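Construct the entire structure; sequences and hints are all you get.
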Amino acid sequence: MKRQLPLLLTFLAGTIPIFAFFVPERHVTLVSTTLDSWLIIVAGFALLLGVVNVVQMNANKIARRGSGWPYAVVLLAGLGIMGFFGFSGAFNMFGGIATRSDGTSTPFDWLYKFGFLPLQGTMFSLLAFFIASASYRAFRARNVEATILLVAALIVMLGRIPFGEMMSRGFLPWLTEQIIMPGPNMAAQRGIMIGAALGAASMALRIILGIERSYLGIGKGE
Amino acid sequence: MGQLQPGNFLLRAFYAGTTCLLILGCILASLLSLSSFAQAEVQAQSQAQVVRPQSQAQPSMQPAAAPMAAPPTVEKPAASDTPSDEGGSITVKWMEPANAKELGLKYQILRSDSPDGEYLPIGEAGAGEQEYVDTGLTDGQPYYYKVRSTLGTAFADSGPTVAAVAKGNWFRFYRLNALVLLAVFSSAVLYYISRARKAKPIYIRKIAGLDAVDEAVGRATEMGKKMLYIPGIMSVDELQTIASLAILGHVAKLSATYNADLEVPNKDPLTFAAARETVKEAYLEAGRPDLFREEMVNYVTYDQFAYTASVSGKMVRERPATNFLIGSFYAESLLLAETGQATGAIQISGTAEVAQLPFFVVACDYTLIGEELYAASAYLSREPVLLGSIKGQDITKFLLMVALGLGVVFTTIGFEFISVAFKMQ
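Protein chains in written order, with the numbering used here: chain A, 238 to 459; chain B, -14 to 410.
Calculated from the structure, these hints are not laboratory results.
Since the model is a prediction, treat every value here as computed from it, not as a measurement.
Some hints here could point you the wrong way.
What the hints assert, rightly or not - No more than 16 Å apart at the CA atoms, straight line, and that leaves these computed lysine to aspartate or glutamate pairs for EDC-like: (1) K239/A <-> E262/B; (2) K152/B <-> D346/A; (3) K211/B <-> E270/B; (4) K298/A <-> E279/B; (5) K298/A <-> E303/B; (6) K239/A <-> D350/B; (7) K298/A <-> E280/B.
Unchecked claim - Which bits of chain B does chain A cover? Going by a derived footprint, with three or more residues having C-beta under 8 Å, they are: (8) 63 to 77; (9) 206 to 214; (10) 255 to 267; (11) 275 to 286; (12) 290 to 297; (13) 306 to 320; (14) 368 to 376.
C-beta: ideal position from N, C-alpha, C; glycine also.
Written out as structure tokens, the structure is:
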């Protein structure tokens, strides 16, 4: 029963959306959308489990002075402060969560705007530097294929900036937009997408039929 | 006689289900074609009776203050149940007057519960539009429609349509092609699974990224360093995450066997719960449950970049020997892969996100591209039944390639039927 029940639930949870895709009858649609709502509820409880895990792990690390324990202090402090102002704001203390009616920030809003968002932006902006270092490594003409890649990349990069357009009198943008991007680039992308879609469908079928069970942690195959 | 496995039972049930579905689909398609043809005939006959000639448009309804000429009356408005929907909807169609666009004609759609009752406006359409979908209706109740053509302040109403009744449908006819494709694909996969059951050997090409998993675990063991397994940032409703968990099971089993240190930081709470169970079970299967520690699989945060910052920091501080980046990734893919590359770790990545693949190819030692990710669990376990499904998948891919080639040829010479047959809605 311990093995059969999850498989049966997986079978039902997998087939109902497929059935609803073809059958527009409102009861079928209702069951399918209800399943989606259940997923949100389950995810909400799982998030609680995650928060408990974060607190436990980091508290233990601080207690035993594990490596990088000061980071754990910062993390727990951040969690505690944001959590406090978030919860108290939800009960309309400190003016709520969002901006106040007079345009001033509530503590939660202030922390979000001036603490969280800049940190997030900083992480994202690192991408520009990483793209530069990755491009430097990728575009080295080590063999014929790498040289083709280098030439194509140079054309595409120049074709997308005004300097390239000015230099080539519109030829490079045309080559990029009309030939390279919709031609070989799109063909390769679609090839990968078709293969991945079939792979995903095959895996879904294996999961629905209970052939693939490794994700349940109950052994592989039959 | 062997005990009936749930997989066996479900497989047989699916065989029967697919066959029934296909037969039902064909019957339904024939019935729907016949009924829509008959309905169109009846509708055309009724319209011929109710549509008034343009001369009968109601000039008295034109406001006296508007000196503009009366707009042409809309001809042949027809209302019928919106096909292939869950009910509560009627589609109104009309024939646009010939010079509607030049005149800048607009339309108002009016509705009433009875043919002689008051018609109230329910929606608008512009020149060039010849259809309006009225939603939020009660199934089974008759509705009547008029289409009012407006030109500035002047307007002219069409005659009323015959009674239209909204009802729920049992099949989305426009998705019949998807059903056929599903049936063909499922049949191919199930056929090769049953062949694999009869112990017929199935060839599967080598996948370098998966062959390197053992080497990567061995390297971490020899160096006495940690392995970091990142299962993407999406939840378990994403198939890439499930494929990743299957690979995680294999990695965890190897890790238990060699007593290597494994850490799985998670962004999604559901993935976290599933990953913990997978790793725990793998250690149990390897016969080393004593080596499993709860903190091996941990939760970080739900925010994408905070998660990236945490994992990148771990890579820089702890310098793991091996990084696995397998699952669904977005903007964080290059941040993580480049950081790992800078620390000198051996990196195996895999995703089906086309936009992220170039980043992984550049920054990682091995990359599982698209379908290789989904084939991983079959490849690693070498289970004949799982390998059979990959063979079936390849056959469908071959059929699609043939259809693609034929589609190109026929479309080039002016026959669009293949591209129309594959149009998905």
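* **In rising order, the numbers of the hints this structure does not comply with** => 2, 3, 6, 9
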